[in-house]
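The residues making up each chain are set out below.
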Amino acid sequence: MELYVPILVLAVLAAGFAVFSVGIAPFTGPKRWNRAKLDAYECGIEPTPQPVGGGRFPLKYMITAMLFIVFDIEIIFLYPWAVAFDKLGVFGLVEMVLFIVTVLVAYAYVWRRRGLDWD
Amino acid sequence: MEPAEFITHSGGAIGVAWLMIALPLVGAAVLLLGGRRTDRFGHLLGVVTALASFVVAVLAFVQLLGFAPGERRRGIALYDFIPGMATKVGLLVDPLSISFCLLITGVGSLIHIYSIGYMAHDPGRRRFFAYLNLFVAAMLLLVLADNYVALFVGWEGVGLASYLLIGFWQHKPSAATAAKKAFIVNRVGDFGLLIGIFTIFATFHSLKFAEVFPAAHGASQGTLTAIGLLLLVGACGKSAQLPLQSWLLDAMEGPTPVSALIHAATMVTAGVYLIVRSGVIFQAAETAQLVVTIVGVATLLAGAIIGTAKDDIKKALAGSTMSQIGYMVLAAGIGPAGYAFAIAHLITHGFFKADLFLGAGSVMHAMNDEVNMRKYGALRKAMPVTFATFLIGYLAIIGFPLLSGYFTKDGIIETAMEHNAILGWLAVLGAGITGFYMSRLVFMTFFGAKRWEGDAHPHESPAVMTWPLIILSAGAIFLGGFLIVGNRFMTFLSPAVGLPEHLPEFNPVSLTGLVTLALVAVGAVFAWFRYGAAEVPAVAPRGSFLTAFARRDLYGDALNEALFMRPGQWLTRLAVFFDNRGIDGVVNGLAAGIGGSSGRLRRIQTGFVRSYALSIFVGAALLVGAWFVVGNL
Amino acid sequence: MNGTIQAPTIEYALLAPMLVVFGAAIVGVLVEAFAPRYLRSAIHVPLTLLSLAGAFALTIWQAAAKGIPTKAAAMGAVAVDGPALFIWGTILVLAFVSVLLIKGEDHFVAAASAVPGSAEEEQALHEGAAHSEIYPLVLFAVGGMLLFPAANDLLVAFVALEVMSLPLYLLCGLARRRRLLSQEAAVKYFLLGAFSSAFFLYGTALLYGYAGSIDLAKISTAVGSVGGQDTLLYIGAAMLGVGLLFKIGAAPFQAWKPDVYQGAPTPITALMASGTLVAAFGALVRVFWVGLGGLDWDWRPVLYGVAILTMVVGAVLAITQTDIKRMLAYSSIAHGGFLLVGVIATGKAAAQNASALSGILFYLVAYGFTTVGAFAVVTMVRDAGGEAWHLSRWAGLGKRSPLLAGIFAFFLLAFAGIPLTSGFFGKYAVFQAAVSGGALPLVIVGVVASAVAAFFYVRVIVLMFFSDPAADGPSIVLPSRGTAAVVGLAVLATVVLGVYPQPVLDLAHSAAQSLFVR
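As given, the protein sequences belong to chains A, B and C, one line each in that order. Residue 116 in the numbering used here sits at position 116 of the first sequence, with consecutive numbering throughout. Residue 1399 in the numbering used here sits at position 399 of the second sequence, with consecutive numbering throughout. Residue 2056 in the numbering used here sits at position 56 of the third sequence, with consecutive numbering throughout.
Bear in mind the hints are in silico, worked out from the structure with no lab data behind them. Errors might be hidden in some of the hints.
[Stated by the list, open to error] Computed far set for chain C versus chain B, every beta-carbon distance over 10 Å:
no., residue
1, Leu2039
2, Arg2040
3, Pro2116
4, Lys2188
5, Gly2396
6, Ala2471
7, Leu2492
8, Val2499
[To be verified] Here are the simulated DSS-like pairs of lysine-lysine, each with C-alpha atoms no more than 27 Å apart in a straight line:
no., chain 1, residue 1, chain 2, residue 2
9, B, Lys1381, B, Lys1450
10, B, Lys1172, B, Lys1381
11, C, Lys2218, C, Lys2399
12, B, Lys1180, C, Lys2066
13, A, Lys87, C, Lys2399
14, B, Lys1450, B, Lys1375
15, B, Lys1172, C, Lys2399
16, A, Lys87, C, Lys2103
Just so we're clear, the structure is a prediction, and the values are computed from it rather than from any experiment. Just so you know, even glycine gets a beta-carbon here, dropped at the ideal spot from N, CA and C.
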């Protein structure tokens, strides 16, 4: 337990400072409201007006990114299999084929549902 | 001889004895849940289920006869509610219960058939048959149960059916009141029975007949007496015995088939069944037995006296029912020597009293629902079949030689005489009064001059009503002799209730028998001179104080009112006061407290996912903290 | 690393029920990819129902013909033991029933991507578009539910948890009406679910740090032998507990339940309230008894507190609810508390453990059927805006539709635990086990909470039967055959389990007798 005492002390100090500074602010600071302060924070730019209902924004890039991750993970699984290929033998081959087929099914779904079309 | 052992049984008609209960129950469920869709065939369904139940009963009876007498107590395991606890439910088919089953389903079916005609023009006919079916099912459960809990369920079931049927014509305030009265008075009895059952469980740690009865002798005299008296309270409520008799007369507000089925033939005999079934307990507690006999004799006299003064044909018959059940209770209180006579009289009474009631219903049907006998007279020509069957029922009930009542009632009187001379002579006196009031009833209705109201056109009832009458009167003629001569019924019943040490001999010319007959004859002749030969005034004369006493049901209602109702009302007011101020305060406060804290806690549910996440985080911190505290203890 | 990897062995026959469900789900995705739109539902419904029925048959066959295995399968990763088989059977039947409900009416959105109230939505509705993906999604979720209670190591449990949860997050957002509420529910469920999964995973990591293994059995042995690392153990176990307790909706992790149950399409709510609860309880019991069994002196008092809090919060908060689905959600929280009583009701004796476990198993079956039935009734009471959730709209339902109101009243009585309903025996079995396990105070709290809960169940009954119906009250849609079958089955199960529970009690008992394999 002794080992942790300094960390604990640091944690308490840090937490204390954070709580103190947030807690003291309403009492010490001046309160002046203006439009800019109440606006949504968008990196300092004027927020663009949104259509009613929030509007839609394109997900094209996100879909691509998600597909990338799926295949990325497939690769990650393929890699250790490649390393231990001969030791796992037929069992490894069958399981890996099953895995790839499963990913392929998802790929087929994306393809048929036009997830790969950019427009 | 002791009762036979209980034998576990399966297979055959006895194995499916539950069908007897299930069939009418299904009928009732279909009719009640089916709504108006079942209006067209409702009555037929009711009749068919009752008849099917009767068929099962007959088959079970035949199968039972196939066993040796010592093996005729067949228990069927049905259902185990909570394994390992005293909640096993089963049925017990033995000579006692099968006798009841045959009576309930047999007479019940006839009354179902009769009701097709009687209720033909009633808009609630379907509902009526549903209730009748419900009653049959509950009554069969009552007699077939192999333990006190199921018996109690059936007991309450018949109480419910009786309530629904007495108040069947709810639009009449008198019917609604009568139904309520029957329910409340029965509640007193049920309460006694319930405490009795509790006491049985506390004493024997079981409620199964098969476990309680063999152990009965082991319990202390005081406990057994208490159990016996509590069971008697229950029996008094259901069987309209003093002091819980007051509801039965009012119960005549229900449709006449109901009076015949429930308030004459079957339900009101449940008390007798209970006493006979629990015979082992009563035999071990002499005091309880003594009280039973006293209650029986007092009721048989009270009922008879009430019967002499009523002008309402159904109420006069109701008084008679009280009186006859008094005989049965008397016999049931005597012990094994009386059991067979009690049940035999119960069965024959079921037939002739149903016959009389249905006959009275037929008369009322013909006379525009008039019940006042002073407005009848000379109906024997207008309604020959009803008259003939009614006459048979009448002769049977007064104990005319060789008819059913002669054998069974005389048996009770003889047994009572042997048991205790005072009880015996009082029973004889009761028989004499019976002779008087029944003759009065017959003479006022069927003989003398026409005293009909202007628009009455009496006519014979349709065949669907007369045939049940004919069948019932056949039973009223032959059944008694068949059961009693040669102790046939006593022997049959013995596996269930035991046998007395000396079998009684049937003696047609005993002193008691002759005196009884003479008294009955005197009563009948007296009635002839007052009501048959003489003019019957249209309005009842004031009469002596004794007549007033009888007309007011021996002041039973006044007594109840003074002793229970008024103090009860005060108690209620007091209770309401305290309930409002004290208990409601606590309850409402509690409810408000929970509701209030609920309302406050509800605010935690802000709908913001961030605060939910925070609560999870805090919860996790608490969990970790708690674990540390507990782990380092 | 000395390179001695051995090819693992997998008992495919043992895992067949799960494989069937997952396989059908993958086939379902292919159907989505290649079948023309008008054929999809026609293929999905029989495929889904058949695969669930087939998996159920395989489960029964496994238990009946092959006997209950005494060793964990798949190199110790999946334990197909008595309780697991019982839970599988339960989940598969409940899922089957829920699928009948799903196909029953139009519960699902036409185009999930269309903004609520927009022109696209109009158009999608007009075209009659439908997301037939719900069937494979449900199958994936059910597959996860099967794996979760059988998972014998923490990583498999985590994977199962995610496989079960992710499709549910999606399904929650697919309601046809009140779409914003539904989408809000989905986002909330997803965020909080992810949050709690993180706790689970963190706990797993800490326990691995403590025991050097994620295998439940190995953790169990380490609890007795490894010294000086109690901090890791305690924090790890508590974190793991947070993840599991979140899934069953125990207080103080219950906040998501009312919002999600309310927003999700009602058939999905039915699936979550029955199947997910069963699966999560199976996993909770396994982790706490098998993995942390040696630590029970520590977790029992903690769970004691959680159980009390859960029962009280569920029962008390339900009182002021005015929305039928939220009320049922709180009721589900309270029932989770009652079930936790059973988890605590363990002792050292195997017989005591078996009786507590069989009580839990029976309770899960009883509650699962009743709750599916209750939600099925909710789908049938509708007005112009879809299902009528507000309780005031249910006033006088007994006069309008006595049969439906009667059935719902019956379900409520079963929730309240009135004798002759299945709920009575569920509570009885669990509480009895708790009493003999020495947790009498807990049982007293449970009984009081039941009484409080009975108040709001009965209040709904009173509302339905003794209030005057609203003039423009909701109408009762004529149920499709599927919905009617669900309600009928639920009534039947509730009656039979309440009147003649012996066969199921015996089954639960024999399943519990073998306890968990290690």
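Against the structure, the hints come out as follows:
no., hint, verdict
1, Leu2039, "39 Å, holds"
2, Arg2040, "34 Å, holds"
3, Pro2116, "18 Å, holds"
4, Lys2188, "5 Å, violated"
5, Gly2396, "18 Å, holds"
6, Ala2471, "24 Å, holds"
7, Leu2492, "16 Å, holds"
8, Val2499, "8 Å, violated"
9, Lys1381/B / Lys1450/B, "11 Å, holds"
10, Lys1172/B / Lys1381/B, "33 Å, violated"
11, Lys2218/C / Lys2399/C, "60 Å, violated"
12, Lys1180/B / Lys2066/C, "63 Å, violated"
13, Lys87/A / Lys2399/C, "72 Å, violated"
14, Lys1450/B / Lys1375/B, "8 Å, holds"
15, Lys1172/B / Lys2399/C, "25 Å, holds"
16, Lys87/A / Lys2103/C, "47 Å, violated"
Hints 4, 8, 10, 11, 12, 13 and 16 from the list above are not met by this structure, while the remaining hints are.
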